[in-house]
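If you want the building blocks of each chain, they are given just below.
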Amino acid sequence: MSGAEHALRRISAVRGVRGAMLVSAPDGLVVSESSMEDVDGRAIAALAASLAGRLRRAAGGAGLGRPTVIQLRGETGTLLAVPAGEELLVVAVGDRETNLGLARLELLEAARGIA
Amino acid sequence: MRVLEGWVSGPLSRFLDESAARLVLLMTSSGQVVAQHGFTRSVDVMSAAALGAGIMASTGELAHLMGSPRFGALVHQGTEQGLLLSGFDTPRGRWIGLVAFGPESSVGIVQLFFQQFTDEIAAATPPEEQRGPVLAENFEHELNASLRALFGR
Amino acid sequence: MSLVNFTAREITCKIVYYGPGRSGKTTNLQYVFGRVPETRRGRMVSLATHGDRTLFFDFLPIELGSISGFTTRFQLYTVPGQSYYNATRKLVLQGADGVVFVADSQARRFDDNIESLQNLQENLLEQGVDVRQMPIVFQYNKQDLPRDLVLARADLDEALNFRGVESFAADALHGSGVFETLKGISELVLRKLAVGGPAA
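These protein sequence lines map, in sequence, to chains U, F and H.
Quick note, the first sequence lines up with residues 1 to 115 if you use this note's numbering.
Quick note, the second sequence lines up with residues 1 to 153 if you use this note's numbering.
Quick note, the third sequence lines up with residues 1 to 200 if you use this note's numbering.
The set of hints was computed from the structure by calculation and includes no laboratory data.
All C-beta atoms, glycine included, are put in the ideal place defined by N, C-alpha and C.
Check each hint, because a few of them may be wrong.
Unchecked claim - Just a few of them, taken from the derived set where beta-carbon distance is under 10 Å, the chain U residues facing chain F: (1) S24; (2) A45; (3) G53.
Kindly produce the complete structure, drawing on both the sequences and the hints.
Here's what the structure looks like:
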C-alpha cells in the first residue's frame, strides 16, 4: 500500500468519516480515494478543488496567506480539505457525528506526509 | 451563444455558468455545428467542428482496431487552456462537445458539468420536425449571383 | 442532410471532393481559397503528409451569401485518395450532402478512377446511402495536358458517369472548371431544399 493510500485509510477510520481522497488541485481529478460510500467522488474532487482555488484567492486578497484548512459545514455533514503542496489536496467527507478534531489532525498529518 | 434549435439554450447556459468554460462547440458526428459559444467567426466554428469531428471519428476507429470500446472523452491540457472533446448519444444520433477552459475552471469541473449537460440534452431532445422546402423554386439565379460575386466574376 | 437553422436562417452543407490520389482534389480547394475574399472564407485546414499528400482531409468553409433569405455556407472537404486511407475516407464521407468526383483525365490513371468510384459507392452503401440518391457531379481534371495523354470528356463520361449527371472538364491548377464544378454541385445540393425539388 502506498503512503497516500495508508494516510487515506487512516482518515477514513475516523468516526463519522464517509470517505477520503487525494485530489489533483489544478485539474480537480481524483488521484486516490478510500471508501467513498454513497458519495460521488468525481464530483467532490472537482468541486472541492474549485472551492479550494477560490478560497485561496479570497484568503490571499484578504491578506490571510494561503488557507491551511478548509472546513465546510452542511446541514447533514462536513467537508474538510487540506492543501498538500501546490498540486494536491487531501479531502474528507463526514457526517454530523464526525470527530472533526481528529479528522483535521489526520488530514494535516496526511498532507505533511504527501507534500 | 448561438444555437441551431432553441431547446439547446437552457442546458448550454447552465453548463457555461457552472463550468466557466471559455468556448463550447456542439456538433454532430459528421461535423455540423449544433450550438456554439465564444467563437467570433462562423467560419472558424466550422473549422473547429470539422477537426473535432475528425478527431473523434479517428480515435473511434483506432479504438475499434484495438478491439476496445470507443473512447468516451479526450482531454488535452495545455499551458494556457485545456480542451475536452467528448461524444454522447442523443435521440438525434451521436453528438460531440468540444470545450475549451482556462485556469478559472478545471478538467474535473468541466467533465462533471458536461456529463450533466449531456444528460439534460438527451432528455430534452424533441423529435426532429419535418419542415417544408426552405428555398424558393428559382433559387439558382441568387446562387449564381452569389458564386459569381464570391469568385470575382 | 444539410443543416438548416430556421431561427438564425442559415443553411450549412457538406460537400466532399472524392477521387483517386493526386487527381487534384486539394488543388480545387486551394483555387477556391485563393479566389474567395478572406471575409467570406475560413482558414484552409490541411492535414497533409510531408510530401503534401492529404493525410486525413482538407477543409475549407465558405460563405456563399444569402439565398432565399438564408445565409448559406458550404463546408468543402477532400478525402485522401490513396487506397490505403479508406478508413479515413469513410469518416470524411459521413453526413456528406454532395460529392464532387475529381477524376484524373490521364489515360494511365483510368483504372484508378474506376477503382475510386467503386470505392465511393461501397463506402456510401456502408453508410446506408444509395449513390443514386447522392447529389454528385464529375470533374475531369488535368485536361490541359497534351491530348495524347488524356482521355476526352466523352470517353470519361462513358466510363464513369453512368447516371448521366453533370460533368466538367477542368484544369484545377489554373482554375479552369473549378468554379463551374462548385456551381454544379451547389445547385444539386440546394435543389433538395427548394420548392419543387426532390424531398430532402
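These are the hints, each one checked on the structure:
The restraint placing U:S24 at the interface with chain F holds, with a minimum CB-CB distance near 8 Å, inside the 10 Å limit. Of the supplied interface hints, the one on U:A45 holds, with its beta-carbon coming within about 6 Å of a beta-carbon of chain F, less than 10 Å. For U:G53, the shortest C-beta to C-beta distance to chain F is roughly 8 Å, which falls under 10 Å, so the interface hint holds.
Of the numbered hints listed earlier, not one is contradicted by the structure.
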